[in-house]
Each structure stands twice: as C-alpha cells, then as structure tokens.
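Student: Throw the hints in and build the complete structure from the sequences for me.
Numbering of the sequence shown is given in full-length UniProt numbering, commencing with residue 1 and proceeding in unit increments.
No lab work stands behind these hints, which were simulated from the structure alone.
Don't be surprised by glycine CBs; every beta carbon is placed ideally from N, CA and C.
Treat the hints with caution; some may be incorrect.
What the hints assert, rightly or not - DEER-style ranges, computed between Cβ atoms:
# : residue 1 : residue 2 : range
1 : A26       : E55       : 34 to 44 Å
2 : D32       : A65       : 40 to 50 Å
3 : G66       : E29       : 14 to 24 Å
4 : A31       : M63       : 14 to 24 Å
5 : R54       : Q19       : 43 to 53 Å
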Amino acid sequence: MDTKKLRKGFGFADGRNAQLDAYFKACNEAADEIDRLRALVDIGYDHLLSCGYREEDPTLTQMRAGLTPNAGVTGSGEGQ
Numbered sequence: 001m002d003t004k005k006l007r008k009g010f011g012f013a014d015g016r017n018a019q020l021d022a023y024f025k026a027c028n029e030a031a032d033e034i035d036r037l038r039a040l041v042d043i044g045y046d047h048l049l050s051c052g053y054r055e056e057d058p059t060l061t062q063m064r065a066g067l068t069p070n071a072g073v074t075g076s077g078e079g080q
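Tutor: See the structure below:
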C-alpha cells in the first residue's frame, strides 16, 4: 500500500501523521494474516478431497465460501 499517496489524499504531509502510518501498517499485516489463513484453508480443502470428501459436501462448501473475498462482510468494503 502506498502510504505517501494515501496521506496526500487525506491532506497529510509526509511524515506528519504517525497514527495514519501505524494504521496502514496494521491493515497490511492483517491482510497478510488473512492470506496465510486462506492458504491453510485451501490446503485443508484439498486434503479433504483427497480423503474422499466430495465437493458437494456441506463442510467443503462452507470452507470454499470462507475463501471468498469479503465473505460475510457487510457494508461498502472493497474486494481484494
């Protein structure tokens, strides 16, 4: 995420708002953690398929739904 462009968009000069920088850093870290969790769910999904589960199984359907960007999110959030 380019924080310089975002700071300018919010009217902040470079380096003047440490809170905004900390917020963007936390958002980036959270996005990285979500990506790691999605990868783990994907590995689990593939493993269950290899164990004989079928894609129509409700457990696998729920797992796939959880991998969808913004699954269960309401409001005006943007997709990834």
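Student: Decide, hint by hint, whether the structure agrees.
Tutor: So, going through the hints one by one against the coordinates:
no. : hint                    : result
1   : A26 <-> E55: 34 to 44 Å : holds, 36 Å
2   : D32 <-> A65: 40 to 50 Å : violated, 22 Å
3   : G66 <-> E29: 14 to 24 Å : holds, 20 Å
4   : A31 <-> M63: 14 to 24 Å : holds, 20 Å
5   : R54 <-> Q19: 43 to 53 Å : holds, 49 Å
Checked against the numbered hints above, the structure violates only hint 2.
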